[in-house]
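**Student:** Chain by chain, the residues run as shown.
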Amino acid sequence: MEVFVSQVFTGLSAGAVLLLIAVGLTLTFGQMGVINMAHGEFLMAGAYTAYVVNLVVGDAGLGLLVALPVGFLVGGLLGVVLEASVIRWMYHRPLDTLLVTYGVGLVLQQVARDVFGAPAKDVPSPSWLSGSVPVLGYDFPMARLFLLLLSVACLLAVLALLRRTALGRQVRATVENRDLAETVGISTRRTDRITFFLGSGLAGIAGVALTLLGSTGPTIGASYIVEAFLVVVVGGIGQLKGTVIAAFSIGVLQAFLEYATSGSIAKVVVFLAIVVFLQVRPQGIFAVRTRSLA
Amino acid sequence: MNSRTTRTITAAFSVAALAGALAGCGAKAGESADAAESCVETDGDTVKIGFLNSLSGTMAISETTVFKSLSMAAEEINADGGVLGKQLEIVSEDGQSEPTVFAEKATKLIDQDCVAAVFGGWTSSSRKAMLPVFEGKDALLFYPVQYEGLEASENIFYTGATTNQQIIPALDYLKDEKGIESIFLVGSDYVFPRTANAIIQAYAEEHGIEVLGEEYQPLGSTSFGTVVDKVKAAGADAVFNTLNGDSNVAFFKEYKGKGLTAESMPVVSVSIAEEEVPGVGVDNLVGQYTAWNYYQTLETPVNEEFVAAFKEANGAKAVTSDPMEAAYTSLHLWKGMVEKADSFDVDDVVAAADGVTFEAPEGTVTVNGENHHIAKTALIGQIREDGLIETVWSSDGPIEPDPFLEGYAWWEGE
Amino acid sequence: MSRRTTLLTALGWLALAAALLGLAPALLSDFRLGLLAKYCCYAIAAVGIGLAWGRGGMLVLGQGLYFGLGGYAMAMHLKLTDAGPGQVPDFMVLYAGGEMPVWWEPFRSPVVTLLAILLLPVLVATVLGAAIFKRRVKGAYFAILSQALTAAFAILLIGQVKTTGGFNGLNNFQSFFGYSLYDPVNKRMLYFLAAGVLLASVALMAQLHRSRFGELLVATRDAEERVRFLGHDPANVKLVAYVLAAVLASVGGALFVPVVGIISPEDVGVGASIALVAGVALGGRASLFGPALGALLVGYAETSLSESFPGSWSYFQGGLFVVVVLLLPGGLAQALSALASVRHRVGGPPGGRRRRERPASDRTRPGPTTPQEVTA
Numbered sequence: 068m069e070v071f072v073s074q075v076f077t078g079l080s081a082g083a084v085l086l087l088i089a090v091g092l093t094l095t096f097g098q099m100g101v102i103n104m105a106h107g108e109f110l111m112a113g114a115y116t117a118y119v120v121n122l123v124v125g126d127a128g129l130g131l132l133v134a135l136p137v138g139f140l141v142g143g144l145l146g147v148v149l150e151a152s153v154i155r156w157m158y159h160r161p162l163d164t165l166l167v168t169y170g171v172g173l174v175l176q177q178v179a180r181d182v183f184g185a186p187a188k189d190v191p192s193p194s195w196l197s198g199s200v201p202v203l204g205y206d207f208p209m210a211r212l213f214l215l216l217l218s219v220a221c222l223l224a225v226l227a228l229l230r231r232t233a234l235g236r237q238v239r240a241t242v243e244n245r246d247l248a249e250t251v252g253i254s255t256r257r258t259d260r261i262t263f264f265l266g267s268g269l270a271g272i273a274g275v276a277l278t279l280l281g282s283t284g285p286t287i288g289a290s291y292i293v294e295a296f297l298v299v300v301v302g303g304i305g306q307l308k309g310t311v312i313a314a315f316s317i318g319v320l321q322a323f324l325e326y327a328t329s330g331s332i333a334k335v336v337v338f339l340a341i342v343v344f345l346q347v348r349p350q351g352i353f354a355v356r357t358r359s360l361a
Numbered sequence: 067m068n069s070r071t072t073r074t075i076t077a078a079f080s081v082a083a084l085a086g087a088l089a090g091c092g093a094k095a096g097e098s099a100d101a102a103e104s105c106v107e108t109d110g111d112t113v114k115i116g117f118l119n120s121l122s123g124t125m126a127i128s129e130t131t132v133f134k135s136l137s138m139a140a141e142e143i144n145a146d147g148g149v150l151g152k153q154l155e156i157v158s159e160d161g162q163s164e165p166t167v168f169a170e171k172a173t174k175l176i177d178q179d180c181v182a183a184v185f186g187g188w189t190s191s192s193r194k195a196m197l198p199v200f201e202g203k204d205a206l207l208f209y210p211v212q213y214e215g216l217e218a219s220e221n222i223f224y225t226g227a228t229t230n231q232q233i234i235p236a237l238d239y240l241k242d243e244k245g246i247e248s249i250f251l252v253g254s255d256y257v258f259p260r261t262a263n264a265i266i267q268a269y270a271e272e273h274g275i276e277v278l279g280e281e282y283q284p285l286g287s288t289s290f291g292t293v294v295d296k297v298k299a300a301g302a303d304a305v306f307n308t309l310n311g312d313s314n315v316a317f318f319k320e321y322k323g324k325g326l327t328a329e330s331m332p333v334v335s336v337s338i339a340e341e342e343v344p345g346v347g348v349d350n351l352v353g354q355y356t357a358w359n360y361y362q363t364l365e366t367p368v369n370e371e372f373v374a375a376f377k378e379a380n381g382a383k384a385v386t387s388d389p390m391e392a393a394y395t396s397l398h399l400w401k402g403m404v405e406k407a408d409s410f411d412v413d414d415v416v417a418a419a420d421g422v423t424f425e426a427p428e429g430t431v432t433v434n435g436e437n438h439h440i441a442k443t444a445l446i447g448q449i450r451e452d453g454l455i456e457t458v459w460s461s462d463g464p465i466e467p468d469p470f471l472e473g474y475a476w477w478e479g480e
Numbered sequence: 115m116s117r118r119t120t121l122l123t124a125l126g127w128l129a130l131a132a133a134l135l136g137l138a139p140a141l142l143s144d145f146r147l148g149l150l151a152k153y154c155c156y157a158i159a160a161v162g163i164g165l166a167w168g169r170g171g172m173l174v175l176g177q178g179l180y181f182g183l184g185g186y187a188m189a190m191h192l193k194l195t196d197a198g199p200g201q202v203p204d205f206m207v208l209y210a211g212g213e214m215p216v217w218w219e220p221f222r223s224p225v226v227t228l229l230a231i232l233l234l235p236v237l238v239a240t241v242l243g244a245a246i247f248k249r250r251v252k253g254a255y256f257a258i259l260s261q262a263l264t265a266a267f268a269i270l271l272i273g274q275v276k277t278t279g280g281f282n283g284l285n286n287f288q289s290f291f292g293y294s295l296y297d298p299v300n301k302r303m304l305y306f307l308a309a310g311v312l313l314a315s316v317a318l319m320a321q322l323h324r325s326r327f328g329e330l331l332v333a334t335r336d337a338e339e340r341v342r343f344l345g346h347d348p349a350n351v352k353l354v355a356y357v358l359a360a361v362l363a364s365v366g367g368a369l370f371v372p373v374v375g376i377i378s379p380e381d382v383g384v385g386a387s388i389a390l391v392a393g394v395a396l397g398g399r400a401s402l403f404g405p406a407l408g409a410l411l412v413g414y415a416e417t418s419l420s421e422s423f424p425g426s427w428s429y430f431q432g433g434l435f436v437v438v439v440l441l442l443p444g445g446l447a448q449a450l451s452a453l454a455s456v457r458h459r460v461g462g463p464p465g466g467r468r469r470r471e472r473p474a475s476d477r478t479r480p481g482p483t484t485p486q487e488v489t490a
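Chains X, E and W, in that order, give the protein sequences.
So my numbering is basically just the index in the first sequence, starting at one, shifted up by 67.
So my numbering is basically just the index in the second sequence, starting at one, shifted up by 66.
So my numbering is basically just the index in the third sequence, starting at one, shifted up by 114.
In short, the hints are calculated from the structure, not lab data.
Treat each hint with caution, since some may be false.
[As the list claims (entries may be wrong)] In the DSSO-like style, the derived pairs of lysine-lysine whose C-alpha atoms are separated by at most 27 Å in a straight line are: (1) K244(E) - K114(E); (2) K152(W) - K203(E); (3) K296(E) - K276(W); (4) K152(E) - K406(E); (5) K203(E) - K152(E); (6) K377(E) - K134(E).
The following block holds chain X by itself, in its conformation from the complex:
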């Protein structure tokens, strides 16, 4: 029982990280068909933001609270710049965006290496996040609990935005049918840009949050990007509901497998399980029903 509880919580908090990264991806992927491999580097930018903010502020607790919105802005702005400079020229070549953004990612990594140096940076955790809280007999580390709550909060915010605001309706309309949305007078260009800002900003937040768990280095984003894409694909492209389920199931599955076997084996099994799953449901957990042949 203890093992069960501990692995559920460890898995959920791992899933929360994946979710924060994947929500942004699923928005941009679903709406624009853009595969943004530089998304991981936006996360990295968020992590370095936390590092810089902490240096400036000098207090770990305040630093984190300031870094979250600043990280969102930094990630979002990078996203908008990428969208405006590169991606908008290639909306009809989604596979090519993958390669181009991979290239952008490589450059950003090297920039980080040249600016901050290759060694990993440590961002001190605030004192109110050290230690743990007992949940069902399991000592749940505060940092992981915070991550879980942050992730859920971000998700709710995005949902509220999509469901309750005019902007959200425009975004959803564009996802469902771009041409029709344009016909009814929605500026899809503007919608695209805002979605990109939002998605990339979430990656920035994820980066800030990740400093609570590990170090900040140039390749921090690259190590998450493949997994995050798998979450998006399993969830069904453009499907927030699916992304949530996929992120948490993958997190928990991995945690249990890891407990039973080892880190390497767990990862391999999860990857293979995903490949098999996609054979059964090639469109992911939830698929957009379309009459399109493609």
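Please arrange chains E and W on chain X, whose structure you already have, making use of the hints.
**Tutor:** Just chains E and W now, with coordinates in the frame of chain X:
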């Protein structure tokens, strides 16, 4: 030209090319392959040596400092009149953190640049990749990092610790000083941790210590939630940590987050030196133990001079650590060997190697001519608030290197 | 296809052959020739990517998987022959107490090894491809899946220190089918072998491009549904191209092992797989010579850049992806043919202009053509 004709023509071309490829150079060499003649130029006022470190990629974090300390040693030697009266000329190559690149660049240094010796390498994989190159071309490599032992190449000098100079003393310390009865093993998934843990398992069995778990994470992994859950549940007296690089950060943050401390469950790490401490976060490490053969805090005149010189060259914030000290020492040892042999020739240098000593920052080190390792003193250290490491225990003088653990009856291979 | 094109192709191939087999060995030192041999191995895999991606529209981001299958098969054989009959490889003596898993045993035989290099990728690619293409998984899904698979493969290799050498990979080979690998003469022979195989695979592509299959493949890439309505199964067409690409990658990997003297998970992972694509993008994915020449060029650039400016390679590789894919989707081949057609127009040659290759599009959904594609 119809399509059948073209097809025939192209096919004929292809066959001809392949046949030509094979026939044109079927010269069999069989076993009589001679190593290529050395092209080292020793007539002039200078002699070339090669530095091969990763200046880019994931290992750049560690290897850049090795490069700096090698450069410092070379400058010192040059200022001092060089080796056999010749100034050292450095050819530096970037290993890019990839084993294949290390092999390729080693070839270049030996064949193109004709260096007298190469200094560098860090990961086991880079050393394993370079080994056949140096043996095949009968050239010299000086490898400055502690490693998993079980190797003794004629063409490599190992100036870092082998297992009986680091792992085994650390276990002796835990057993005798800390009185532990159980231990938990955590490592990155590659050869060094696997081998180290195999040795620990054998040692534990011999000395009645219970191994409560052995966990591996892929290199660079940052998810340690489950691993630390297992560690905590097992409740061992100590943890032996062979994690590499960034994984340490995630591991120690998680460790602290789950309420484990140096008092409740001490961790002995063998890959965290002064340089890595700030990256992991001093807060997360204070009071934990490390096993090395050198610390910046050693109070010897030679070391104080070394630290001062290094800080002068690289800024007051620079710290010194075991691998960079071993690299610094390696260049001086090579100088000693060359001068003893009165020759730059690889065979002469190797023949003269036995017994060459150097007053290194870590203390006096002596080359073992048989297995090409050096005798070193083992030091257990504790991480201080200021991020430096303080010696809390040391072996009785230098330990003779025993890479194959032949002197330990309980070890019979794995 | 016009006679002129055929003639040009044949001439181009001959020029490449002359450069690789005549010029390079005459001019380059043993060390540089060894490097060129390595680039040739990458180029062989690149030729396959050109077929699958450029001609078939499948962005194969996981060719490291097949490169690794061939490479490890060859490496296992070399380790076993070095060890001698009945003996186990050195690293297993060290790390696994001298125990060898049963599945290593067949690789003692050179015949089995060579067959494995050809058939293993066929097997894996068929199982994988059949499932994926029949389910009509394509575009982005396929790219990400293939990337996940190669990541899983690399992690698996790293985790099995006792049977695969783990992170260190397999290395320290003494001989290659009886030829000492320490002898420079035999190193040259390996170069000729790699260059020969590269030339042969380019020739094979030339045949494929003009065959019925080649036309069907391009048709599938550009309008899969129409091909289906015409009574062909696009899944089969894609499968064949994918399997061929896998075999070429495997052969490249197998040659890579004796040429470079090591194969490790780093050579098969996500980064290595995408690096293989870089050359193809640069050279021109859909063209005949583009993938091979691009791979050779990228290999050369990597070596020379990293020799003179450590760390700059990331900028270069990153920049290459951005500039080439964004501005020049047809690669250098497109630039050259654009140049040629300009000259044609100026000179006003008799006869029609050469039919130009349409740059590969990889649209996953029918949609308006981008300005780039129209002008390209």
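**Student:** Against each hint, give a clear statement of whether it holds in the structure.
**Tutor:** Right, here's what the structure says about each hint:
| no. | hint | in the structure |
| --- | --- | --- |
| 1 | K244(E) - K114(E) | violated (49 Å) |
| 2 | K152(W) - K203(E) | holds (19 Å) |
| 3 | K296(E) - K276(W) | holds (24 Å) |
| 4 | K152(E) - K406(E) | holds (15 Å) |
| 5 | K203(E) - K152(E) | holds (24 Å) |
| 6 | K377(E) - K134(E) | holds (11 Å) |
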